[in-house]
Amino acid sequence: MYTDKVMDHFLNPRNVGTIDEADGVGQVGNPVCGDMMTFYIKVKDDRLEDIKFQTFGCGAAIAVSSMVSEMAKGKNLAEAMAITNELVARELGGLPKNKMHCSNLGADALHEAIRDYKKKKGEPLPPEDEASEAAGHEDDEPD
Amino acid sequence: MLARISELKRKKNAVILAHNYQLPEVQDLADFTGDSLELSRKAAGLDSELIVFCGVQFMAETAAVLAPAKTVLLPEREAGCPMADMITGRDLKLWKGKYPGLKVVCYVNTTAEVKAESDICCTSANAAKVVASLGEKEVLFVPDRNLAAYVAGKTGVKAIAWDGYCYVHDRFEPADFIGKKAAHPEAEIWVHPECRPEVTAKADKVLSTGGMVAEAGRTSSREVIIGTENGIIHRLLKENPTVRFLPAREDAICFDMKKTTVEKVLTALEEEVHRVTIPEDVAVRARRSIEAMLAVS
Chain A
1 MYTDKVMDHF
11 LNPRNVGTID
21 EADGVGQVGN
31 PVCGDMMTFY
41 IKVKDDRLED
51 IKFQTFGCGA
61 AIAVSSMVSE
71 MAKGKNLAEA
81 MAITNELVAR
91 ELGGLPKNKM
101 HCSNLGADAL
111 HEAIRDYKKK
121 KGEPLPPEDE
131 ASEAAGHEDD
141 EPD
Chain B
1 MLARISELKR
11 KKNAVILAHN
21 YQLPEVQDLA
31 DFTGDSLELS
41 RKAAGLDSEL
51 IVFCGVQFMA
61 ETAAVLAPAK
71 TVLLPEREAG
81 CPMADMITGR
91 DLKLWKGKYP
101 GLKVVCYVNT
111 TAEVKAESDI
121 CCTSANAAKV
131 VASLGEKEVL
141 FVPDRNLAAY
151 VAGKTGVKAI
161 AWDGYCYVHD
171 RFEPADFIGK
181 KAAHPEAEIW
191 VHPECRPEVT
201 AKADKVLSTG
211 GMVAEAGRTS
221 SREVIIGTEN
231 GIIHRLLKEN
241 PTVRFLPARE
251 DAICFDMKKT
261 TVEKVLTALE
271 EEVHRVTIPE
281 DVAVRARRSI
291 EAMLAVS
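Sequence lines, in order, name chains A and B. Using this note's numbering, you'd call the opening residue of the first sequence number 1 and step up by one each time. Using this note's numbering, you'd call the opening residue of the second sequence number 1 and step up by one each time.
Hints in this document: simulated from the structure, not taken from any laboratory. On a predicted model such as this, the values are computed, not experimentally measured, just so you know. Be aware that a few hints might be false.
As the list claims (entries may be wrong) - Below, simulated EDC-like cross-link-like pairs (lysine to aspartate or glutamate); rule was C-alpha separation at most 20 Å, straight line:
1. B:K181 <-> B:D119
2. A:K75 <-> B:E250
3. B:K259 <-> A:D20
4. A:K75 <-> B:E263
5. A:K75 <-> B:E223
6. A:K52 <-> A:D20
With the hints as extra help, turn the sequences into a complete structure.
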C-alpha cells in the first residue's frame, strides 16, 4: 500500500530531532487525526543550512516530514516555500489517497518555520498556505 | 573531488554534459552545457564512448536514442521530469486512437516511448517551425498545453493538447513581471514558451534556454527579467557579466534538476551508474520522430 520510498523514509527518517537556538520554528497539527509536526530551521545567507523535525503521527506523516526536510536542505528560502504537497507526494512515489492530507502538513510546517524566521527578522511574510482540505484519517484503503 | 573527476574522465574517455538548469557547481564541471536537444546531439557527435548526462531521465533517454552505441549515465537515477511523466506511451496510444488521421507532435520533454508513438518531435526552440512544416490544419500536441497554445498562436494550426504542464513555468503570472518591470522600467522581459499564454503575451521575447543564451550575447539591454527556471541565470551571468539578469520569481526552481550533485557525478564515473538503455524497437521509432524534426529544423 505504501511505496518502498515511503517505507524507507518512515523506517529511517532523515533529519529527526531539534535545533538548539533555531532561527525559526514551525508547528502544525491536524486536530482530527492528531498528527503533530514541528520543524526547526537554521538559516545562513538566505539558505536553509540545517533542518530538523519532530513528528507525532502515522507512517505517512513521518515519511513526508523526512522527505520535506531532504528536499529543503540547502535551498534558499523562496525555493523552500515552493515545495508543494504534490511535489512531496511525487518524490515519495505517491501516497494513498486518504493519506494525501499528511503531505499537506509537512510542507505547511516547514513554511511556518520560515514565516517564524522572517517574523523574527522583521521581513515581509510570505503568504500563508491554504488550509489542508482533508479532514482526517480514515481507515486505509485495501490494496 | 574535482581532481578525481578530471582524472576519471581522462582515464575512461568520458564526457560530462550538463543542462542549463543544473546546480552552478555541476554546470561548472561539465564539458558542455546546453538545452536538452543541444546536449543529446552533442552526445551523438562526440568521440567519447561514455557520456555522463547531468539532467533528467528523458534527456538521458534522448541521448541514448541518438547514440545507441554509447554508454549514457544519469548520475541521479531519480531525476525525472514531472511534465514528461504526465503522459505514457500507452496514454498516447489510446488518446491518438480517438483522432484518426491527425499527426502527433511530441515535445522533447517526453519519454522515449512517447516519442516512439509520435510522428515528429519538437523542442521549445523549433516547435512552431516543426508544426508549420507538417502542412496540417490540426495536430495533436503532447504533453505541454502551454507550449501547444504558444505554437497555435504562432502558426495558426489548431493544436489539440494533452493537459500537461511544467509546474515551474506554469507558476509564473503576469503580476510577477508587472512588479519587476515597475522597479526596472528599462528591462526587457524574456520568458520560456512553457509559460502560460497570459505570460508569454507580456514578454518582449519568448525563448528556449538555448535561445536565451544566444540572445544574451547579442542584446543591447542592460537589464533582463527572466521567466524560466533560475538555474539558467548562472550561465547567462557567467557569459555576460555586464548584463543584469533578474529572476521574475525567486522560487522558480525545478527540484529534479537540483538532485544531481558533484558527489553523484563522481560516483557515476567511478561505478558507471546509472546506465540508461532503451529497448531497440522503441529506440528505432523514437529516433524516427527525432530525425523527422532534424530534417525540417
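Hints, one by one, checked against the model:
no., hint, in the structure
1, B:K181 <-> B:D119, "violated (41 Å)"
2, A:K75 <-> B:E250, "holds (11 Å)"
3, B:K259 <-> A:D20, "violated (28 Å)"
4, A:K75 <-> B:E263, "holds (17 Å)"
5, A:K75 <-> B:E223, "violated (25 Å)"
6, A:K52 <-> A:D20, "holds (10 Å)"
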